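Listed below are the residues making up each chain.
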Amino acid sequence: MTDELGALTTIFTEFYYWITVVLMFLIHVGFCMYEVGASRYKHHQHTLMKNTMLIPLVTVTWFLFGWWIYWAFPTGPGLAPSIMNESAALITDESTFSAKWYVPTSDLMAVNLGDHISGVFWAAFLLFSWTAASIVSGAIIERITTFAFGILAIAIGSVFWTIDAAWGWHFDGWMLKILGYHDAYASGVIHAVAGGFALGVLAVLGPRIGKFSSSGEPRNIGPRNPWLVTIGLFLIYTGFWGFYAACNIPIFNLGPEYGMEGVTYFTATNIYVTPTTLSGITMNFLMSLSGGLLAGYVISRGDPFWTYSSGLAGIICASAGNDLYHPIQSMIIGMIGVVIAYKLHYWVERKFKIDDAVGAVAVHGYAGFAGLVICGFVLNGYPSSGYSVGAMWDGSNYAAINPLGMFIGALIMFVVLGFIPGWILAKVLHGMGKLRIPREVELAGLDYEIMEAAKEDEKSVASASR
Amino acid sequence: MATVTNWIEHLSAEKVQGAVYPGVGTEGILVLIAFVIWIGWTVISARQETEKLEKLARKRHGSNDWKNNVTDG
Numbered sequence: 001m002t003d004e005l006g007a008l009t010t011i012f013t014e015f016y017y018w019i020t021v022v023l024m025f026l027i028h029v030g031f032c033m034y035e036v037g038a039s040r041y042k043h044h045q046h047t048l049m050k051n052t053m054l055i056p057l058v059t060v061t062w063f064l065f066g067w068w069i070y071w072a073f074p075t076g077p078g079l080a081p082s083i084m085n086e087s088a089a090l091i092t093d094e095s096t097f098s099a100k101w102y103v104p105t106s107d108l109m110a111v112n113l114g115d116h117i118s119g120v121f122w123a124a125f126l127l128f129s130w131t132a133a134s135i136v137s138g139a140i141i142e143r144i145t146t147f148a149f150g151i152l153a154i155a156i157g158s159v160f161w162t163i164d165a166a167w168g169w170h171f172d173g174w175m176l177k178i179l180g181y182h183d184a185y186a187s188g189v190i191h192a193v194a195g196g197f198a199l200g201v202l203a204v205l206g207p208r209i210g211k212f213s214s215s216g217e218p219r220n221i222g223p224r225n226p227w228l229v230t231i232g233l234f235l236i237y238t239g240f241w242g243f244y245a246a247c248n249i250p251i252f253n254l255g256p257e258y259g260m261e262g263v264t265y266f267t268a269t270n271i272y273v274t275p276t277t278l279s280g281i282t283m284n285f286l287m288s289l290s291g292g293l294l295a296g297y298v299i300s301r302g303d304p305f306w307t308y309s310s311g312l313a314g315i316i317c318a319s320a321g322n323d324l325y326h327p328i329q330s331m332i333i334g335m336i337g338v339v340i341a342y343k344l345h346y347w348v349e350r351k352f353k354i355d356d357a358v359g360a361v362a363v364h365g366y367a368g369f370a371g372l373v374i375c376g377f378v379l380n381g382y383p384s385s386g387y388s389v390g391a392m393w394d395g396s397n398y399a400a401i402n403p404l405g406m407f408i409g410a411l412i413m414f415v416v417l418g419f420i421p422g423w424i425l426a427k428v429l430h431g432m433g434k435l436r437i438p439r440e441v442e443l444a445g446l447d448y449e450i451m452e453a454a455k456e457d458e459k460s461v462a463s464a465s466r
Numbered sequence: 001m002a003t004v005t006n007w008i009e010h011l012s013a014e015k016v017q018g019a020v021y022p023g024v025g026t027e028g029i030l031v032l033i034a035f036v037i038w039i040g041w042t043v044i045s046a047r048q049e050t051e052k053l054e055k056l057a058r059k060r061h062g063s064n065d066w067k068n069n070v071t072d073g
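One line per chain: the protein sequences are A and B, in this order. Count the first sequence with our numbering and you get residues 1 to 466, in order. Count the second sequence with our numbering and you get residues 1 to 73, in order.
If we strip away everything but chain B, and leave its shape as in the complex, we get (with noise of 0.2 Å):
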């Protein structure tokens, strides 16, 4: 996995390589789990808030009801 094993070789070769991450050339496995996680974050959270949103439809508070939820600080 490490790209860079001698800091010493790799500064004095006659082409310094600029990459130095690890696992260069694996960058396209990289982006398809950004893909997925990006996607599989909006499809969870989005389920979240439709589930919290439709529960506290459901309870019908009145506009002012919060007043008696606000807490002493």
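Okay, chain A solo, but in the shape it has when bound (with noise of 0.2 Å):
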């Protein structure tokens, strides 16, 4: 970098997704945090260390494959050629967007002087992956074993939810394109498919112990802690805008970027390079939580856990369109999301005899599908993409955002890339007897020996006289 102008706005770059990936760190301490505090007492220090330990494991696997899936997938392959080569193949050629930068041995993915943001873009890219596999975990505690959820936190984490980055976020993405797709923020990239994975994985892992009476009536078996429920989501509440932020591109020039002859304007953009504001949509962010909140009070009477996690909910069902929204369509947006998996929660639970442990399917899932139909419907008729016109392989348009398109890709998201592969990994690690741990060791309590060892250092402490 020898024009200093360039190394400022590349270096600003840099630092800019390195505060969002800090940022992004919190929701993964969150997450933790409101899961010990969903799980009973005997089931604490598991249920910790199992969202502990997708940390490694999806950031190995991403390293070593999930991020070279994002960079070759776009194309599907086999369902629109690219518009960098013309080609539906798997996208590993020499041009600068290929995945072939970022397989695990190119120097690319390592400290290099020549490249500034890659790293940190692969960071933030990898907190999602983290996200995703959160979402699964907190719908499954207290009876899956650590390894056939690190096996599906690998799954969702570095494969699934990549390939579905590749098909609807990648700005050469076949879902742009094909169904005019538009998910600025990951209401289905994210949400909707970890929902649907979770979904799949609870309908093959069963209910735990006593949640449903011999007459099939659901109990209810709330939160252990209440108060550390409450930090976790405020916790997640903050790590969310750095997701948000992570999902913009800081600063942009468009005019060349569009071929715009002579123009200049400089914006931050949504990762579909379409210009934004980080100024709108804090807007939007605070009115859809706001949203969110006002529903779920009414809609649960006042109970402090979904009031919290519609909140969430609220931010999720606007986030595919919050880029261009008014705050007070976010708002409503954010209501409407809630009323949905509020009630779909509650249905599937019963109907079905899902244990989803901390509504995680209905936050993620449900509120994330309910926001991309919306989406199609409130931005129907804006460009998909900032590389829509003239772009494609035949010189024709990217296909607009419409309700239709919309809704084939909530089906996609929350159905082809969620609940299908999280049923038959469920199925095939049952069918292993590796899914779900012993009747007797859930009785007991994972941590029965963890805390039984406790007990004994106690007494030997309180029986010493020096």
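It is worth saying that the hints were derived from the structure and are not from the lab. Quantities reported herein were computed from a predicted structural model and do not represent experimental measurements. For every residue, glycine included, the Cβ atom is placed at its ideal position computed from N, Cα and C. A portion of the hints provided could be inaccurate.
Said to hold, decoys possible - What follows is a list of derived Cβ distance ranges for each label pair:
| # | chain 1 | residue 1 | chain 2 | residue 2 | range |
| --- | --- | --- | --- | --- | --- |
| 1 | A | E4 | B | S12 | 14 to 20 Å |
| 2 | B | Q48 | A | I231 | 53 to 59 Å |
| 3 | A | I209 | B | V36 | 36 to 42 Å |
| 4 | B | W7 | A | A88 | 28 to 34 Å |
| 5 | A | I251 | B | I33 | 35 to 41 Å |
| 6 | A | P256 | B | S12 | 30 to 36 Å |
| 7 | B | W41 | A | A454 | 32 to 38 Å |
| 8 | B | Q48 | A | H430 | 20 to 26 Å |
To be verified - Rough simulated footprint, nothing fancy, chain A against chain B, three-plus residues with beta-carbon under 8 Å:
| # | region |
| --- | --- |
| 9 | 11-20 |
| 10 | 32-42 |
| 11 | 58-67 |
As the list claims (entries may be wrong) - Here are the simulated EDC-like cross-link-like pairs (lysine to aspartate or glutamate), alpha carbons at most 16 Å apart as the crow flies:
| # | chain 1 | residue 1 | chain 2 | residue 2 |
| --- | --- | --- | --- | --- |
| 12 | A | K455 | B | D72 |
| 13 | A | K100 | B | E27 |
| 14 | A | K434 | B | E51 |
| 15 | A | K343 | A | D303 |
| 16 | A | K455 | B | E54 |
Make one complex out of these two single chains by using the hints.
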């Protein structure tokens, strides 16, 4: 970097993404606290370790193959040719944004003085991966083996969500081109897919012992430490700021990028390289959070657990279009998402005997799905991408945002890349006898031996005289 | 092993080499090691977990027995 302004822009962008990564770390801290708070005392430490160990497992596999998938799969493969090389094959050629540069043996996957962006961008996406896996983690507490969860976490965190990001987030993604898919802050790309995946796993895993009476009536197993749940959810809200910022490009000159002769237009953009402002999305974030909290408080009759979760569901539902919505639209959409998520949660619980311990499928899956569908109506007609005009392989335009395309996109996220892979993997693990802990252990508590040892230590210390 | 031994020479070269980590060119071996660590960890931890769960299951504790093990904090 020899040009001062260029260097400043590059290093600002590097630092910007680095800050988002630090903020997003709080999402994981929040998820850990939330899960431990929601679990029963005899399972606390196991619950914590399960969610903690997804960090190294997803990180290592994200380095080895997850990041490569994102850059290789935008074409499907076979669903729509790339605008870079006009081929529908995996993008592994010499083009600028090819997956070739992101294989783990690439010298760009390390300290490289010629590249200040790849590492922080890799990390920002990795934190999204942790979030996807952590969403699944909460739903299945107190009865899954750590081994099975590790496999499932890698599957959702380093494979399936990154495929959906390649399809529905990457500027060359086939869903943008064919369906007009638009999901600026990941209603579907993270939340619907992880919620659908969790539901698929839950369908095989089964409920916790005692969750349903012999007549099939669900029993409430409420959070054992509501204060930890509260702090956890506040931390998730806090980390979500970083998530929103990480989904933006902080500074971009759209004139030359769009091929507009002689035009200079610096702005922040969303991940699709269409203009938005950090200022505007901040308003929308807060208004959708508020809409979720307002609706959650009323619909749950002031239940703190659901009210906090509803704040999150409100943001998630409005996220697909929060780059463009009016703040009041964001608030209303957040409220609608919460009502749908809450009602569906209890209907599915009763009808299918699904024990989603923290309401993760509802908050992330149903609210995310609803958010995509609503976005198709409210943003109907907007360009789905900054590369929409004449950029296709045949010189035509990307599809504009539309209700049908967004509905199909929601199905792809929740069902095709979420529920079905989750169900199949859980079936395989179940077939191997590795999915669920033994019944005796579930009753005794996963932490029984740790607690027993701690009690023995306490006794020996208490009986000591010096 | 050192890729850079003199920063002035390195940065004033006509084309500055970006990769500056030790052992440039050995990335393939490093990736192989990472794969072995990942798979090895999975096998070892899975074995440990199975043993632990089987041992605890054999004891057949009741669902409230854990309360006897609550420490005074």
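Do A:P256 and B:S12 keep their Cβ atoms within the hinted range of 30 to 36 Å?
-> At 31 Å between Cβs, range holds.
16 Å Cα cutoff - pair A:K455, B:E54 | 22 Å, violated
Take a quick look at whether A:K100 and B:E27 sit within 16 Å of each other, Cα to Cα.
-> Judged against 16 Å, a Cα distance of about 14 Å means the pair holds.
Within 16 Å, alpha carbon to alpha carbon, are A:K434 and B:E51?
-> 12 Å, holds
For the region 32-42 of chain B, does the count of residues with a C-beta closer than 8 Å to a C-beta of chain A reach 3?
-> holds (count 5)
Does 35 to 41 Å hold as the CB distance between A:I251 and B:I33, or does it fail?
-> This hint holds: roughly 38 Å between Cβ atoms.
With 53 to 59 Å as the target window, see if B:Q48 and A:I231 comply at their CB atoms.
-> Since the Cβ atoms of B:Q48 and A:I231 sit about 31 Å apart, the hinted range of 53 to 59 Å is violated.
A:I209 and B:V36, beta-carbon distance inside 36 to 42 Å?
-> 39 Å, holds
Three or more residues of the region 11-20 of chain B near chain A by CB distance under 8 Å?
-> Since 5 is at least three, the answer is holds.
Mind checking the hinted window 20 to 26 Å against the Cβ distance between B:Q48 and A:H430?
-> Between B:Q48 and A:H430, where Cβ atoms are some 21 Å apart, the hint holds.
Establish whether the coverage given for the region 58-67 of chain B by chain A is satisfied; the threshold is a Cβ-Cβ distance below 8 Å, and no fewer than three residues must meet it.
-> Answer holds; 8 residues pass the 8 Å Cβ test.
Given the proposed pairing of A:K343 with A:D303, does the C-alpha separation stay at or below 16 Å?
-> The given pair, whose Cα atoms are some 14 Å apart, holds under the 16 Å limit.
Against the hints set out earlier in the document, violations occur for numbers 2, 4, 7, 16.
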